[in-house]
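Engineer: Chain by chain, the residues:
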Amino acid sequence: MSQVHSFGIQPISIHSFNENHNQIAFSPNNDEVHIYKSGGQTSGGWEKEDVLMEHGQRVTGIDWAPKSNRIVTCGADRNAYVWTLDSGKWKPTLVILRINRAATCVRWSPMENKFAVGSGARLISVCYFEQENDWWVSKHIKKPIRSTVTSVDWHPNNCLIASGSTDFKARIFSGYIKEVDEKPEATAWGKKMTFANLMNEFSNGGGGWVHAVAFSASGDKLAWVGHDSSVSVVDAQNNMSLAFVKTEFLPFITFTWVTENSLVVGGHDCCPLLFNYDDTGKVVFMNKLDIPKETQTKEISAMKRFQTLDKRATTVEDSDLKTLHQNTITDMTVHTGDRGSAQKISTTGVDGQMIIWDFKSLESSIQGLRIS
Amino acid sequence: MAVNTGAKQFRKVDVDQYNEDNYQEDVIEDGLDEGPNENEVSSLLQAGKNVDALKVVLKNAPLSTKNQNTKDKALQLTMRVLTSFRSAEIEKAVNTLDKLEIDMLMKYVYRGFEVPAEGSSAVLLNWHEKAYAKGGLGCIVRVLTDRKHV
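Chains A and B, in that order, give the protein sequences.
If you're matching positions, the first sequence starts at 1 in this note's numbering and goes up one per residue.
If you're matching positions, the second sequence starts at 1 in this note's numbering and goes up one per residue.
Worth flagging that the hints you see were computed from the coordinates, not collected in a lab.
Please note that the accuracy of each hint is not assured.
Said to hold, decoys possible - With a Cα cut of at most 27 Å, we get these calculated DSS-like pairs of lysine-lysine:
| id | chain 1 | residue 1 | chain 2 | residue 2 |
| --- | --- | --- | --- | --- |
| 1 | B | K148 | A | K143 |
| 2 | B | K130 | A | K288 |
| 3 | A | K311 | A | K288 |
| 4 | A | K282 | B | K49 |
| 5 | A | K282 | B | K148 |
What the hints assert, rightly or not - Partner residues aside, some chain A positions facing chain B, computed with beta carbon under 7 Å:
| id | residue |
| --- | --- |
| 6 | Q10 |
| 7 | E19 |
| 8 | H21 |
| 9 | K143 |
| 10 | T148 |
| 11 | G206 |
| 12 | G207 |
| 13 | D228 |
| 14 | A243 |
Quantities reported herein were computed from a predicted structural model and do not represent experimental measurements.
Where is the CB? At the ideal position from N, CA and C, for every residue including glycine.
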């Protein structure tokens, strides 16, 4: 069953797990990063291990590198810190991003030797470690981004960066840095890979800020969700064909690929939804992943009935949402597995909850749900 | 005292337009969108084929033109078509529309709210209810986020 953990009443804006999923780093919508460790007396309980307080303003991005066990955080204070574990304590290293607006999102590259930071300064800062100076250096990708970058994602080849922005476009840039990378081979997205080269630019024709972008596991497809309640997918192997669906739900804020052809999205409807990019090249809505069981109507005493009638003009004591999340889902990551074949995903929301969704148990409890 | 303490016109200057970092909208070529053909729609309405008139008006909505006149004429025509339906027929008409047409219909409903005429809002509310039942909240969100105005 989906495990629900509540971390208090503060919204959780972003979260990231370590390699073994026994530790989670998240930000309770302020300038702190909380690290919790699972285990403890109650099974499934989480204990607070550490609070990282280096950012001066709201933390906007957290990413935990699984292999090198480093955490990169970025914040509205225009800084990014790389945290390394030193005898049980997390030690920060400041990274000068050279941006004059807030950082909005951050992602480690697949080989964890670089990370990309999106910012309100209308540029992406790609940072790598320079050994001679013992220092993180940043390079900028500026043209032709025209507004705040809201999300970034790396291609499996460690060089291409996808970005979504509030200028309603999703773009793919080359983040190839000759100091740390070997020359990458041409991919389906293009041949020329000089740093900051714009490989492609996509838009689904409507408006709506792009809230999240991601490459599929193979890197051949790019998907994004926008504020016009749409889910769009571009397939590089299929002549860059663009497919999108404009849904009847409220806009989605985050999503993740769970197989090469399926993605789970979440947003203002507080419910994860499963979409599939089928063989005909269309994005199709499959299923909601949060189907509440029919609750038995509780016996309400006559006194309670009149009290609620007096206070709220209704006899039903039901102000909770039927979904597990009681407020917008803000962040979604793959918990167990990888983007090509996820077994569990985790979501955090404005209600302060972190919920882990297990596909095996969802497939058995929801009729007709098949994730492929 | 300085001579120009009374000068207040500077407060009306829009300084944002001079900022080089200002977001410039995508330049759409002034499309030769002429909007729906008035005669065609009128004849369809007189023939009683108001569902067809609705489809013509929604398909030919002048989205990419900068000519405000064209847009206003199209709006008037669409309002004529929408008010020509009886309340019972609205639901059936909405069911014949596809996704893009429902989005366009919702855009016109909200545009119609902006310029209320005698009794138009009640009719529009009815259309809104039926279009929402089919298009959901996403349809309304798209009216708010789409850069192309009707």
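Engineer: Looking back at the numbered hints, which does the structure fail to meet, lowest number first?
Structural biologist: 3, 4, 6, 7, 8, 9, 10, 14
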